[in-house]
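2 protein chains.
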Amino acid sequence: MAQKPSIPKGTRDFSPVEVAKRNYIFSTIKTNFEKFGFQPIETPSFENSETLMGKYGEEGDRLIFKILNSGNFFYSKKGIELPESLNELLVNSAENITVEQRIELNKFTHKISEKALRYDLTVPFARYVVQHQNEIEFPFKRYQIQPVWRADNPQKGRFREFYQCDADVVGSNSLWQEVELVQLYDSVFTALGLKGVTIKINNRKILSGIAEVIGASDKLIDFTVALDKLDKIGEDGVKKEMVAKGISEEALEKVQPLFHFTGTISEKIEKLAQLLSTSAEGMKGIEELKFICENVMELGLQTAYLNLDVTLARGLNYYTGAIFEVAAPEGVAMGSIGGGGRYDDLTGIFGLKNMSGVGISFGLDRIALVIEELGLFPETVTATSKALFLNFGLEEAKYAMKAVMQLRQKGLKVEMYPDNAKIGKQFQHADKRGIPFAVIAGTEEIQNGVYAVKNLVTGEQQTVDFDTLVTVLQ
Amino acid sequence: MAQKPSIPKGTRDFSPVEVAKRNYIFSTIKTNFEKFGFQPIETPSFENSETLMGKYGEEGDRLIFKILNSGNFFYSKKGIELPESLNELLVNSAENITVEQRIELNKFTHKISEKALRYDLTVPFARYVVQHQNEIEFPFKRYQIQPVWRADNPQKGRFREFYQCDADVVGSNSLWQEVELVQLYDSVFTALGLKGVTIKINNRKILSGIAEVIGASDKLIDFTVALDKLDKIGEDGVKKEMVAKGISEEALEKVQPLFHFTGTISEKIEKLAQLLSTSAEGMKGIEELKFICENVMELGLQTAYLNLDVTLARGLNYYTGAIFEVAAPEGVAMGSIGGGGRYDDLTGIFGLKNMSGVGISFGLDRIALVIEELGLFPETVTATSKALFLNFGLEEAKYAMKAVMQLRQKGLKVEMYPDNAKIGKQFQHADKRGIPFAVIAGTEEIQNGVYAVKNLVTGEQQTVDFDTLVTVLQ
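Sequences listed follow chains A and B, in order. The opening position of the first sequence corresponds to residue 9 in my numbering, with each subsequent residue numbered one higher. The opening position of the second sequence corresponds to residue 9 in my numbering, with each subsequent residue numbered one higher.
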């Protein structure tokens, strides 16, 4: 019996229209990456397990797709053994397993699976930089647009296979790079017609400064999460939540200005400088932020807004300086459509120290949804063939194919219907495919060396020679 | 201790220059696919195992990369058991296993692995057509350029991850499609500057006819392989080999004309028609071949040669009509750089009958090697930034960044060196990156609102205003 075909959950087929729309976004981003001096690299879809494992925390390890060793995976030169506890697991087919069994299972997994699918583009990039450090000219500006895979529970907008799109510079501490990355965001979203995105900026060192001031670096996340609710639950509500989380009333008093944190970026920076004056690290963060914001503002953005947001606290495990996040234009309900930051030790884990980097990424699936929602895809994006030559039989087809061939050599997208089918069916095909012109050449047209070309949108039809046909279709 | 980074055998990192060269080939092919009315689709990197398994023969099944179920893969609602024979395998850690153990291992594999990486683009395409048959307008011309994975033993030019590049039409029997696919090959290779490729054509039905005439369809491969050696070992040598393979002397006499199979395509077709006159299927094949070749010749090819090659016998398991293969230009030692054919039942395995298709593929890695060998990559392909603005400190950098920003908004690729490093180092960076211009703006230039621009190839330097700078860099 034939199988009913389907695809694994969390994965997607992309139709011609969908591919065309995605490629439009990809190519717009690529063009801008390259204008800013970034160059593309590509890394393999799977890496050695030890390259990936342990880099994303315990949860990340669990979400990495492992590839079974090929052939007899029960054989290894070092020997493979199934520990008693796992054998029990098999025999009992228990869904829930003990911590000990989990550890044993992970060890066993590592023996029968030595490769794993890429989980993000950052770790493979770090591996690339270290492996090719002698061929690379630093500072190295690279971009990478490739799929990644995560064994996450699929849900609306979250997939098991999706593209990531990163631009990073490694090998320089210059803050000009942060300035340029803000401009790059502005440049891409302007080119996509997505006006009015907000690029939020913060700095890890400012967050450390705040933690220092409130005397509790372990409560920093609780603090920023609660502070972010200011609009919704008001100052009292926020403070209540903070106290409930164990932040002292006294500490809250010290950072009181954060509860009325409005004004221009310069004004905000001024407030922060007073607040964090006792924290050397906080003051360093303010200095960095000031350089970036002042230069961005002085050079000017095309359509994006820059906003200093002290509640922005993404990637606290790895970001060491600037933190970025991009919000869709106001009125579009969508989470962040991009993010990034400065990290001081990208490649240390692979043995290359003191390699500072800064990078940003674009959330492609969400950007596509926003552009769709706002109707910003240009009509030409999904353009199919320009004309369908109808097929009336062998001699007519030969005549048509001659024109088709010559038009293609002039760069035009044209087709001939392959079969001598009923004319209604052929017109319907053009219609369903969204092809705007039909070219009709029967006995009479062949005798006169001309073509009847019908505009399928207006219904207009004219009989023209080849040169005019070229003009009409161009 | 830091890990020494590496990538799995048979996989590759691609540097910026390599990506640029590959993208040049991809985009040339895409442009031509679209000129011919083909539209892109994309399918997931992994499919459900049952979609792939059993579609590529036993050897193929073995070479498919299987993905371990995530989480506790020892648990399944249906229960998983490790048969005694596999447990033995584990305990003894035997490299060689019995047939019974192989079967058990495959069953066990299927329980702990429900997904597998794409092995080619054809089976996923068949699955796509069946799954989306109600949304697709037939005939459906699709192209697909995506990576595939095979657990093959890596060797020179054979990888475990590589791109396939296919164009197929399904839903029509028209031989005009074969004509167009030959033209498409010609069009792509002409656009790549790869002149003089030979497009070999044969027909499955002609091969069946020959098998009928020599009275041994099971010896067809032996026959074509031996015949292919005519140039090397001569008629006697070939016949000796055929007889050794069990083909009778009498049979050889019947196909004697094949040993002097020269002349134009028309002459060859004439000879075949005499030879296969008793085989209905053979005569059908000749009729198809005649239509395709005559129309291709009449319309004319730009730079490729068409050649009828009766020894061409690829894909005998699935091709039912035309068979294609493309050889690199004479003098380039490289196997085939493309191939394809007509298959009558692409989608039957997924329950959709009577869906004839015909397609061709491009061997990207080999095409890249040939283009490299012949020095045909345009110089502009690997073009990096057009100019590097040198960095002499804060004020100078601000002045430079203003120009950089404006040039980028005009679409130019330009960069500023991020750090105020020694000038020699900055020039060296431009040199190593292959950037052709350096722009120098110090105190004097800033005062006069000008830029000193140095051509790093000729050494020429001139001082210009912004508008002239734009012209120089364009």
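In short, the hints are calculated from the structure, not lab data. One should not assume that every hint holds.
Stated by the list, open to error - Here are a few chain A residues that face chain B, going by a calculated C-beta distance under 7 Å:
id, residue
1, Lys43
2, Thr51
3, Ser53
4, Phe82
5, Gly87
6, Val107
7, Glu108
8, Ile111
9, Glu112
10, Trp184
11, Pro426
Said to hold, decoys possible - In silico DSS-like pairs for lysine-lysine, Cα to Cα no more than 25 Å straight-line:
id, chain 1, residue 1, chain 2, residue 2
12, A, Lys361, B, Lys440
13, B, Lys410, A, Lys203
14, A, Lys418, A, Lys433
Quick reminder that beta carbons are idealized off the backbone N, C-alpha and C, glycines included.
Evaluation of the provided hints:
1. Lys43: 5 Å, holds
2. Thr51: Holds, because the Cβ-Cβ distance from threonine 51 (chain A) to chain B comes to roughly 5 Å (cut-off 7 Å).
3. Ser53: 6 Å, holds
4. Phe82: This interface hint holds because 5 Å falls under the 7 Å limit.
5. Gly87: Nearest chain B Cβ about 5 Å off; hint holds.
6. Val107: Since the shortest Cβ distance to chain B is 13 Å, the answer is violated.
7. Glu108: Violated - the Cβ of glutamate 108 (chain A) stays beyond 7 Å from chain B, reaching only about 13 Å at its closest.
8. Ile111: 12 Å, violated
9. Glu112: 10 Å, violated
10. Trp184: 5 Å, holds
11. Pro426: Given a least distance of 3 Å, the restraint on proline 426 (chain A) holds.
12. A:Lys361 with B:Lys440: Within the cut-off at roughly 23 Å; holds.
13. B:Lys410 with A:Lys203: Holds, because 22 Å separates the two Cα atoms, which is no more than 25 Å.
14. A:Lys418 with A:Lys433: 28 Å, violated
Consistency with the previously given hints fails for numbers 6, 7, 8, 9 and 14, ordered from lowest to highest.
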